[in-house]
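Participant: Could you put together the complete structure from these sequences and hints?
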Amino acid sequence: MKKLVAALAACLVLAGAAQASERRLAVVAPFEIKGPDPVLSGTVFQRMGVAETLIDAGLDGRLRPGLALNWTVSADGLVWTFPIRPDVRFHDGSALTAEAAVRALRVARTKPGLLEKAPIRSIEAAGGAVVVRLFEPLAVLPAFLSEYRAQILAPASYDDDGRVRELIGTGPYRLTSLTPPLSLEVERFDGYWGAPARIGRASYRAVGRAESRALLAESGDADLVFNLDPASSARLAAGTAVEVLSAPIPRSLIVKLNAAHPYLADSRARQALSLAIDRDGLSAAVLRYEATANQLLPPSVPLWHDADAAAPAHDPKAARALLEELGWKAGEDGILTRDGERFSLELTTYPDRPELPLVAAVLEQLWRQVGVEVKIHSTNSSAIPEGHQNGTLELALFARNFALVPDPVGTLLQDYAPTGDWGAMGWRHDRFESLIRGLARGDGGAEARLESLRILQRELPVIPVAWYRQTAAVSNRLSGARLDPFERDFGLDSLRWKDER
Amino acid sequence: MTAAVFRLLQALLVALFVGVTTFVMMRSLPGDMAWRIAAHRYGYDLVDADAVRLVREELALGGPALPALLQWLGDMVRLEFGTSLVSGAPVVDEISHQLGASLQLAAVALLLSLLLGPPLGITAGLRPGGSLDRGLLLLSTGLRALPQFLLGLVLILLVSVELGWLPAAGYGTGAHFVLPALTLALGLAALSARIARDATAAVAASPYYAFARQKGLGDSQVFWRHGLRNVSVPLLTCLGLQFVTLVEGVVVVESVFGWPGIGHGLVHAIFGRDVPMVQGTALVMGLAFVLVNALIDAAVRRLDPRGAAG
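Quick note, the sequences are listed as chains A and B, same order. Residue numbers for the first sequence follow my numbering, so the first one is 1 and each next one is one higher. Residue numbers for the second sequence follow my numbering, so the first one is 1 and each next one is one higher.
Since the hints were made in silico from the structure, they are not lab data. Some hints could be false.
Unchecked claim - Cβ-to-Cβ under 8 Å is the rule here; a few derived chain B residues that face chain A:
no.	residue
1	Val47
2	Asp133
3	Phe211
4	Gly258
The beta carbon of each residue, even a glycine, is placed where N, CA and C say it ideally should be.
Facilitator: Structure below.
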């Protein structure tokens with residue numbers, strides 16, 4: 001018994017000593033690590049500064065050179081050239097060559113993602129550059145190459161079948177251990193081509209529960225904690241142990257509607273459902289921050305935000321009038337009917353984002369007030385694209401990230417020209433489609449963007465409800481913390497310990 | 001010897017039963033498997049029909065059930081657990097990593113619960129109705145009723161946030177063990193304290209105990225010679241049953257404390273329709289259950305040889 005207590009005490013002392021000897025920045029976020037393949041967990045590797053892409057993006061979403069020095073396109077828009085940055089070394093000491101980058105991109109193309117869908121004829125190495133030949137022009141190609149799935153790993157990372165066996169990148173941090181699903185550790189890579197990181201060691205831990213994450217920040221066990229729940233973030237902000245950062249991100253809470261459904265085919269019906277939503281109340285009660293969306297994308301994406309758009313209206317009376325125009329009449333229980341059919345629809349959502357079922361419940365109440373009955377079906381997220389594909393989906397509530405690539409045109413093209421698993425359903429607008437296709441090719445500018453945004457807002461193939469904010473708690477031992485609205489990096493390279501010079 | 005053969009046979013049957021049942025259950029879950037696997041691999045809101053098509057082609061899903069089951073049984077005989085459908089890593093590696101973490105946690109929790117529960121229960125049982133006995137009843141009922149999720153958070157709040165003594169969550173050093181193990185141990189100790197208390201009270205009231213006293217043995221002598229052995233038989237049996245509670249608790253506690261264990265892994269594998277992972281994990285857990293019960297049986301038989309003759 002005594003021995004046991006002694007052993008336990010020794011354990012604790014040793015653990016304490018080990019922690020003191022090597023100072024390590026502890027990052028905590030909810031994202032689990034599924035394996036070394038960028039297609040599975042590349043976001044974590046990118047955000048921890050382990051792996052990099054040919055093209056990078058700044059905090060404003062503007063593209064900038066990464067492992068490629070610059071980019072040029074031929075006059076017909078079909079041949080892109082990306083000269084490779086010289087003197088870049090992978091973490092295993094091997095040199096970054098155009099051949100190595102081509103290998104990585106060819107592997108990435110065989111896996112699900114943007115490159116797999118892009119109209120690429122070939123990817124070759126020529127004269128120290130990566131040359132991409134296309135079947136048709138694609139102006140957003142550099143943006144596609146900045147995405148986490150297009151990470152450039154060393155040739156030794158892959159086995160003969162293109163599977164990633166080991167993660168060997170070029171970033172400012174080198175992986176020292178990778179233990180899926182919950183943790184990885186990194187240390188500064190001294191052979192980094194750019195400015196060296198100031199923090200020498202860092203660890204990443206996936207913690208699924210928001211309450212646990214907040215407590216980790218509060219107790220000082222974690223220095224940088226991402227994705228706080230609304231209640232915890234308010235509590236932490238009131239204390240002094242940590243600083244809470246918050247920034248709007250291009251992720252929107254939207255209701256997808258099946259425009260091919262007889263009740264929803266007329267855009268007036270979709271307008272009515274939008275008018276019935278009390279967005280201010282919803283944001284205040286469920287999301288607990290000002291998030292009211294009057295269009296698809298927030299002001300933090302200035303190129304794709306219509307600054308002149310009116311504030312969203314909450315007008316149940318107008319909503320009811322619109323539905324009456326369409327021949328709907330209130331039945332005995334207050335639910336609208338037309339030709340003996342009740343205005344009753346199923347709303348599919350998923351609990352992976354804890355706010356979604358809550359928002360769905362509020363929408364159910366709000367729509368009932370205008371005579372529309374909604375049955376909530378909270379299930380696996382894959383039911384939404386699955387229902388889209390087989391045509392059974394009626395309404396769906398979800399969060400959509402428009403910044404997978406820093407230029408949302410790729411996502412808009414995929415979702416609304418004319419339809420997409422996470423976008424419009426049963427909807428087709430020829431003018432919008434030609435505008436977006438033109439923008440993706442590189443034609444048209446601000447006017448075309450504005451016109452296409454206004455079409456979306458008028459036609460409502462989906463109803464934007466709210467914009468998301470990214471929240472993080474930063475230990476007051478650190479300075480220089482910042483939030484990347486495009487969620488590409490944890491900002492490790494700009495951080496420093498306050499007591500170190 | 002016959003007992004060993006019987007246990008071996010039982011283990012084989014359990015393996016077969018667990019394998020077939022998990023197979024049938026995973027197949028009959030609603031929803032298309034390829035969609036679920038793709039959602040788990042690439043992120044729940046990044047999945048589209050193209051990704052699903054690639055997953056379906058890669059894994060050759062959608063074949064008939066019987067050949068797939070036979071294939072799995074054949075692999076089992078050759079001790080091949082296959083690779084995870086989500087991460088692509090061998091299931092054996094994933095299980096040994098996660099099971100290792102869970103076993104460590106479970107072992108520490110069990111040890112802690114044994115240090116806390118039975119000594120308190122026995123002391124209370126020797127003086128039934130005393131203040132310790134009544135206090136313990138209240139405490140153990142309260143601890144049993146408290147959900148482990150809540151208990152874990154309360155402990156973090158008290159010990160880590162308020163006092164700053166221990167890390168709030170995580171894995172890696174000895175200090176990380178204390179809070180999750182204590183969360184599990186308090187629930188286990190609450191039960192074992194009650195069992196120990198009742199067993200002790202029954203033994204202390206028995207004629208043979210009174211006889212031992214009358215022949216002149218002191219309090220501690222009576223207890224060590226005639227009490228402890230009799231009390232430990234129901235305690236050990238209870239321990240075997242607590243294994244189930246432990247497995248249940250591990251799932252919750254692992255998620256609260258960010259512990260990379262098998263409970264956590266199993267839940268995720270079920271959501272992601274990672275069939276080889278679920279089958280492998282269920283199999284390992286089933287066999288562990290047989291092993292624990294075999295060990296408990298053997299121990300009980302040694303302590304109480306009366307059953308073996310009859």
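Participant: Next, verify each hint and record whether it holds.
Facilitator: Against the structure, the hints come out as follows:
no., hint, in the structure
1, Val47, "holds, 6 Å"
2, Asp133, "violated, 23 Å"
3, Phe211, "violated, 31 Å"
4, Gly258, "holds, 4 Å"
Comparing the model with each earlier hint shows violations of hints 2, 3; every other hint is respected.
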